[in-house]
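Student: Place chain B on chain A using the hints.
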Amino acid sequence: MKLFPIRGGIHPDYHKELSGECAIETLPLPAHLYLPVQQHIGAPAEILVSEGETVKKGQLIARRQGQISAPHHAPTSGTVIAVTEVPAPHPSGLSQLTIVLEPDGRDEWVTTLPEPIADPFAVPAEVLAERVADCGIVGMGGATFPSAVKLQLGIRHRIDTLLINGAECEPYLTCDDRLMREHADEIIDGARIMAYALGAGRIVVGIEENKPQAIAAITVAATAFPQIEIAALPVKYPMGSERHLTLAITGLETPARKLTADLGVVVHNVATARAIHQAVRFGRPLITRVVTVSGEGIRTPKNIEAPIGTQVNDLIAFCGGFAQRPERIIQGGPMMGTPLPNLDVPVVKGTSGILALTAAEINDRPSDPCIRCGSCVNICACGLTPVELAARIRHDDLEGAITLGLLDCVSCGSCSWVCPSHIPLVHYFNYAKGALAAQDREQRKLERTKTLVEANTARQERLAAQRAAARKPKAAPGGEVSA
Amino acid sequence: MSQAATATISGPFAHNTNTVQRTMFTVVLALSPATLFNLYLFGWPSIFLFAVTIGACLATEAISLVLAGRPLWRTLTDGSAILTGWLLAMTLPPWAPWWIGVLGAVIAIPLAKQAFGGLGQNLFNPAMVARVALLVSFPVVMTAWIAPHPLFSDHSPGVQQSIAITFGGEMPDGVTAATALGYVKTELSRGVPVAESLTEYGRDTTLTYTPDLMDLATGYKPGSLGETSAVLILLGGLYLMRRRIITWHIPVTVLGTLFVMGTIFNLVDSSRFAPGLFHVFSGAAFLGAFFIATDYVTSPVSEKGQIIFGIGVGLLTWVIRTFAGYPEGMAFAVLLMNSVTPIIDQYTRPRLFGRTRKGEPLPIKVQP
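Residue numbers (the working numbering), protein chains in the order written: chain A, 1 to 483; chain B, 1 to 368.
For reference, chain B alone in the conformation it holds in the complex:
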């Protein structure tokens, strides 16, 4: 490249106003409504965990950059580490202990991102690598979902108690609750048909907290920070589309496939298979479809590739939720599809102007 280094710069001498930093912070902005709602819903412990996770991501990014001898400030402020931390925090149980966030950050940033060469080089979505590693290593802590304890409400833990929850690992009794997906899965394993457990979920008196239909819609229900409010996540996703940060291709295909698979199998056998709408509105389907699967770095670059990728994520999520041991499959599905992204990219390149798909010049056609 010595020649290029000494030659004068080529055009263009105009540029649009977009930057990496602006892109990252637009995504953060889009996540904010759902995040704020959830931090309110789960109170101080969730706020502590959220702050610890993002702080740890920034700290590990900084350490990695120093060790790698790369420019610190420019990369640290590009918004990518904050976004990774933010997304990771949104997939954790809100009252999980502080070390879950720190360990997640250590897995996400130095291992899943910087070890691959930093921003843009990683094959797998860092937040999802961290979530899956934590989930398989600490299944109990990672599935300790709690019922909503809105800030300033009577049963919301105070700051002191919250410090004990997050930093002392003192989980109070009788606060955990099952997510809808988890409940249905457990019941099914006990032989209770899906249709029955679905109607039961709102009424089961053995559960400490049972959301009614309205709660399910507004997001007043147990789950991770990014799981509860599909409506606010959807709003954020639509905002990203409007700002042209993401296109419809991945979210629509992920949710569409999930819905179609759920609906078809539910029609075939409603005792074993949950309906399509249940799949779409439970778990972190919306967060995954709009914010996780759309991660630029780990998803295909062409629109056609993104459609294939989205269908794959939707399909795998449904398969894992339905047949595998885990109630929620989005993270696994995204990672599996991440691994085939380079192959999808290779086979979905656009056709070159004036050439056939195989790269041969087009035959000469003249005007009729």
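The shape of chain A in the complex, shown without the other chains:
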């Protein structure tokens, strides 16, 4: 099919050979599972179980709060041994409320699972969205946005194209590649269900050309469905970015501060498509995910289907432990992933990879002065001028940075990767985005304070007026007029 060029991009070392040929293995039940209440974008889920309670596999243990939220289910049967604060899989190492589950080893399913929907194409779209919401499905490419909300985009927008993102442009990660090779039928079925719910007539599965077996498997799975096309994408990072994928496949450039849905396009990850297939066809909630465990620091890199809540420790042990001392443990890919504070944190719904990277792989070194080589400008897929942007941020000129496109940056990391002076450009941008958010909060707080003060003044004045009126009730009729 005809593809459209995207600007810039880089070709990092992919290291996909470390785990690409490893079939997905199922992790034996770990000793404990740690399920944080927030594994998604939006409001944290509300806990429904308490310490000492026994739960069954698939049982709802935390329900969603509000529209943008997701519930959580028990990945196996067992006992809730604690509901407590546990370090979250986040670089800050801050704790969050977590349900600690001790599996009983029986792995018994709950009897109250939602009924399978035998013919999803015969039920209203809302029923499907409801099912996806009830099963706790979030974007599994790493963004973790509640999928049901995205499925309802068809209500307010006219959606004509559903893009299934199988680009997997991050180095090391092979979980989506393996899913496409091993479960192509489930992905295609999930994609058809989503397209139906969205009212989209066209489905395009975008896969980078470095995954020929995945392309072949998906092509076979899609042969029966003429509305499905396969796009073999050029290998280029960040091809898997939602907006860039949309541009490459449809030729449409998403305007700043708009959604791809405004162009009639919705993008979902392949793992999300499979989860939706399972939720709709079998009533199965999202309780496991495939994680790539890789990097030169890992003895035997693997693709593992692990229960949500598995500690990183358990995954690494399953891969034979460390081969050499890793410099950092990364959650996600090396380009956009986050460093983990320790190995006790759990796998959550958005964990696509756990990478143990050695110092040689990271190739970090102290920064040199910028020599204005222009590499960052030429490779930026968003058309930014990172060198200048960083200079503005260094001088705390956030307004200037916004003019230069700070808020259009997708933090893909290409500029930092290419910089010969090893300047941590993305770090500057993240700092500036954080500072802007803080300013924004401060501004809102000021406005709220002002509103409260004004309301208070108004109330005091009203009370004073009432008191004044009350003090002279005995005045002679007509007295007020004279006064």
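Honestly, the hints are just simulated from the structure, not real lab data.
Warning: the hint list may mix true and false statements.
[To be verified] Cross-link-like lysine-lysine pairs, in silico, BS3-like; alpha carbons within 30 Å at most:
hint, chain 1, residue 1, chain 2, residue 2
1, A, Lys433, B, Lys365
2, A, Lys258, B, Lys304
3, A, Lys258, B, Lys365
4, A, Lys2, B, Lys304
5, A, Lys445, A, Lys433
6, B, Lys358, A, Lys258
7, A, Lys258, A, Lys445
8, A, Lys433, A, Lys450
9, A, Lys433, B, Lys358
10, A, Lys258, A, Lys472
11, A, Lys2, B, Lys365
12, B, Lys304, B, Lys365
13, A, Lys2, A, Lys16
14, B, Lys304, B, Lys358
15, A, Lys2, A, Lys258
16, B, Lys304, A, Lys433
[As the list claims (entries may be wrong)] If you want the footprint, here are the derived chain B segments under chain A, 3+ residues with CB under 8 Å:
hint, segment
17, 9-18
18, 116-126
19, 299-311
20, 342-354
Beta carbons are placed, not taken as given, at the ideal position from N, Cα and C, and that holds for glycine.
Tutor: Positioned in the frame of chain A, the structure of chain B alone reads:
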């Protein structure tokens, strides 16, 4: 930035293998064939001057760093001072006295680079600032080009005589020669048409050395270290392109503009204007196009900006060579364009994704 200092580092946790040091030394490597050929061509005095210039650049860089209280070893070995010295030495007359190299280094490093804040901060190309300052201050010394005296040949000066040339300022008689550009310029000022002087350049018996056509091609001719061998400079430039240190944008536009301007005006009036190919293959056009104008720090960052910059350098070089008092205009042209680099950068920023050129969000288009 206190917040950023305490927060954990952002990704990416992967990096390509390029470094500033590697970039600088790749450029040095690319310059090496032409340099070695020229050091051979001009013998011991040129080797002494070359060593003195680079040594002085390193020494002045070290002194500047110590005075500024900056880390010494890391910066000194980043290759930038060596490269500046190397490029400066390549633009000097090969038998110029030692103090030309030292003075050039003092102008290039402490004044043109460190005073602006060090690597990456200077507005003007340090080597070119030094060359131009020397040229306007010491026009005679800076235009004393000599005929080739290849090492180990009969008329090549020995080590002792070479020491006297470089360190004693004892220039032997009858060794200087005009460069083609200089000759044409002088002849034109005497009323000799360009076309005539061009054919005469190879035959003029009043000159001590007259290269034939073959010599012009191989670089066996008078000139600075970087001026003589266009072929070897071109090879170095192509190597830099292959290694992706530079792109085609600046070299092609500089040489292309020079060629087009020369050709057009030569067609209009061949008695006054030298032909395009002559412009491209004489002077330090190749060195300037591939190694000087492409200096990262002082040229625009975007490809579009580099094209504008290259055209400007080519145009100004032609104008200066043709109408101004100096036969060679590359250094002046580069400095002039350096001064507009920030403005070019400002007006050639790429369009932001999802926005118009003016920065407004794009209008919503849907699929046909």
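Student: Tell me if the straight-line CA distance from Lys358/B to Lys258/A falls inside 30 Å.
Tutor: It holds: about 17 Å lies between the C-alpha atoms, which stays within 30 Å.
Student: Given the hint that Lys258/A pairs with Lys365/B, does the C-alpha gap stay at or below 30 Å?
Tutor: With a Cα-Cα distance of about 12 Å, the restraint between Lys258/A and Lys365/B holds, given a limit of 30 Å.
Student: Given the hint that Lys304/B pairs with Lys358/B, test it: the Cα-Cα distance must not exceed 30 Å.
Tutor: Distance of about 17 Å is within 30 Å: holds.
Student: Are the Cα atoms of Lys2/A and Lys258/A separated by 30 Å or less?
Tutor: 25 Å, holds
Student: Mind checking the alpha carbons of Lys304/B and Lys433/A for me, to see if they're no more than 30 Å apart?
Tutor: 29 Å, holds
Student: Mind taking a look at whether chain A covers the segment 342-354 of chain B? Criterion is 3 or more residues with CB to CB distance under 8 Å.
Tutor: holds (count 7)
Student: Given the hinted pair Lys304/B and Lys365/B, is their alpha-carbon gap at most 30 Å?
Tutor: Cα-Cα ~27 Å, so holds.
Student: At least three residues with a C-beta closer than 8 Å to a C-beta of chain A: is that true for the segment 299-311 of chain B?
Tutor: Check passed, 6 qualifying residues.
Student: Does Lys365/B lie within 30 Å of Lys2/A when you go C-alpha to C-alpha?
Tutor: Holds: Lys2/A and Lys365/B sit about 19 Å apart, inside 30 Å.
Student: Apply the coverage criterion to the segment 9-18 of chain B and chain A: a residue qualifies when its Cβ sits closer than 8 Å to a Cβ of the chain, and three qualifying residues are needed.
Tutor: holds (count 10)
Student: Is the hinted pair Lys433/A and Lys358/B satisfied, with a Cα-Cα distance of at most 30 Å?
Tutor: 22 Å, holds
Student: Does Lys16/A lie within 30 Å of Lys2/A when you go C-alpha to C-alpha?
Tutor: Holds. Lys2/A to Lys16/A sits at ~27 Å (cutoff 30 Å).
Of the numbered hints listed earlier, the single one contradicted by the structure is hint 10.
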